[in-house]
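All chains, full assembly: derive it from the sequences and hints.
Here the protein sequences line up with chains A and B, keeping their order. Note that my numbering has the first sequence beginning at 1, numbered continuously upward. Note that my numbering has the second sequence beginning at 1, numbered continuously upward.
These are computed hints drawn from the structure, not numbers from a lab. All the pointers check out, no bait thrown in.
Computed cross-link-like contacts, SDA-like style, restricted to lysine to any residue with a CA-CA straight-line distance of at most 20 Å:
{"#": "1", "chain 1": "B", "residue 1": "K304", "chain 2": "A", "residue 2": "L36"}
{"#": "2", "chain 1": "A", "residue 1": "K55", "chain 2": "B", "residue 2": "S312"}
{"#": "3", "chain 1": "B", "residue 1": "K304", "chain 2": "A", "residue 2": "D50"}
{"#": "4", "chain 1": "B", "residue 1": "K63", "chain 2": "A", "residue 2": "A22"}
{"#": "5", "chain 1": "B", "residue 1": "K63", "chain 2": "A", "residue 2": "A25"}
{"#": "6", "chain 1": "B", "residue 1": "K63", "chain 2": "A", "residue 2": "A54"}
{"#": "7", "chain 1": "B", "residue 1": "K286", "chain 2": "A", "residue 2": "E104"}
{"#": "8", "chain 1": "B", "residue 1": "K102", "chain 2": "B", "residue 2": "G175"}
{"#": "9", "chain 1": "B", "residue 1": "K63", "chain 2": "A", "residue 2": "Q56"}
{"#": "10", "chain 1": "B", "residue 1": "K304", "chain 2": "A", "residue 2": "T51"}
One letter stands for each residue in the lines below.
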Amino acid sequence: MSATVDTTVNETLFDKIGGAPAVNAAVDIFYRKVLLDYRINRFFENTDMDTQMAKQKAFLTMAFGGPNNYTGTDMRNAHAQFIKMGLDDSHFDAVMEHLGATLEELNVPPELIAEVAAIAESTRNDVLNR
Amino acid sequence: MEHMPNLTFEEHDFTCQPGETVLDTLLRENCDIPNGCRQGVCQSCLMRSLDNAPSASAQLGLKDTLQQQNYFLACLCRPEQNMTIELPNQQGAWIEANVVKKQLLSPDILRLVLEYETEFHFFAGQFINLKRPDGLIRSYSIANIPHHENILEFHIRRLPAGQFSTWVHDELEIGMELTISQAQGSCHYLPGRAEQPLLLVGTGSGLAPLWGIVTDALVKGHSGPIYLYHGSRDPDGLYLEDEMREMAMEFENFQYTPCLSGDTMAADYARGRAHDVALSSAHSFKGWRVYLCGHPEMVNQTRKMAYLKGASLNDIYADAFHVASIEK
Numbered sequence: 001m002s003a004t005v006d007t008t009v010n011e012t013l014f015d016k017i018g019g020a021p022a023v024n025a026a027v028d029i030f031y032r033k034v035l036l037d038y039r040i041n042r043f044f045e046n047t048d049m050d051t052q053m054a055k056q057k058a059f060l061t062m063a064f065g066g067p068n069n070y071t072g073t074d075m076r077n078a079h080a081q082f083i084k085m086g087l088d089d090s091h092f093d094a095v096m097e098h099l100g101a102t103l104e105e106l107n108v109p110p111e112l113i114a115e116v117a118a119i120a121e122s123t124r125n126d127v128l129n130r
Numbered sequence: 001m002e003h004m005p006n007l008t009f010e011e012h013d014f015t016c017q018p019g020e021t022v023l024d025t026l027l028r029e030n031c032d033i034p035n036g037c038r039q040g041v042c043q044s045c046l047m048r049s050l051d052n053a054p055s056a057s058a059q060l061g062l063k064d065t066l067q068q069q070n071y072f073l074a075c076l077c078r079p080e081q082n083m084t085i086e087l088p089n090q091q092g093a094w095i096e097a098n099v100v101k102k103q104l105l106s107p108d109i110l111r112l113v114l115e116y117e118t119e120f121h122f123f124a125g126q127f128i129n130l131k132r133p134d135g136l137i138r139s140y141s142i143a144n145i146p147h148h149e150n151i152l153e154f155h156i157r158r159l160p161a162g163q164f165s166t167w168v169h170d171e172l173e174i175g176m177e178l179t180i181s182q183a184q185g186s187c188h189y190l191p192g193r194a195e196q197p198l199l200l201v202g203t204g205s206g207l208a209p210l211w212g213i214v215t216d217a218l219v220k221g222h223s224g225p226i227y228l229y230h231g232s233r234d235p236d237g238l239y240l241e242d243e244m245r246e247m248a249m250e251f252e253n254f255q256y257t258p259c260l261s262g263d264t265m266a267a268d269y270a271r272g273r274a275h276d277v278a279l280s281s282a283h284s285f286k287g288w289r290v291y292l293c294g295h296p297e298m299v300n301q302t303r304k305m306a307y308l309k310g311a312s313l314n315d316i317y318a319d320a321f322h323v324a325s326i327e328k
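Take a look at the structure:
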């Protein structure tokens, strides 16, 4: 098996998805889906759209396996105010749904979507403060 | 021997080391440059080249109008030639301009035309800072497109107790000299994608930059439909209506809709707030280019609604007119 040299072996998930340009394309689609979803949009409403966009970009960059400096504690602190507003698994699931649909729209191969979903899923307990 | 490019920043020269990005070089030299991800995602290290154009790879994800103005991300830029660079929103050099015309367009909106002699570059729709001799500064949008006469037109609304606007209306005279900044802002037209539908919404003197943008688009051969909505509470707040209607007659792809949100009922006007009328005019704005100028609340709300109705945020150009809070 080791006889074939895989030149893409060192390519990260972030590179395979398309790096920063892919994040830019995805954020436009993803954030619109989130804002239009009555189940969760109250958590994302903000008078400053640019600030919200930047946050979504940071989230997508992390989920795409890109450079980030998120820690579990950051996740907990950032979402603490939403826990008080009733944030639970159903909302987390809705975001996961939009993340998957966004990547499908961008024709990202299913195996890469699964990798992204796994990274996003790994933040669930921190986001929901468990 | 390989010659490494030089960066000129705030009047200092720095030599890039092999493989360094602009951000690496500046941080190594202890310059204070905002930065975050260093991968071209967060865009905190936005800078601008004043001479040589940055490579396209250093402009990934930036708005097209910013790319045109040689903005780039310092963390992505490995310079191949010398560059003189600055951080965004620098005022640039002030120049002198003379008042050549004052004309009342409506009871409270004045057309002010200035002539300049120094070399000056701008895009229709950008704004500049006007400085009164005593140093008071206000931002106003340019209403005309660049042409050989070296003039700049502004629409200046008299604000209740507005220090600057009152002075322009009542005291500024033909022949007097004003100081003006370099043109700023990224709310302007760019050629390319000429078939794209354009939606422009403005309130009050927000018509000024939009008029410049429409004129620019038509002159540059924009072939897609162009819809301009200008709104005011009552008919006195609308102006240049005849010019707009004439332009709509002349150009088949340009449509002008004046909107009145007050109680006045009149033919030839749409009833309601300009952005409501505009947003309900199409089912989807996917693939459209959108320009919004005027009241900050209108601009922010319309930006969000146009985005939710399908316009890409990169295709929405907005210029919110903030009234100086210290005005007395």
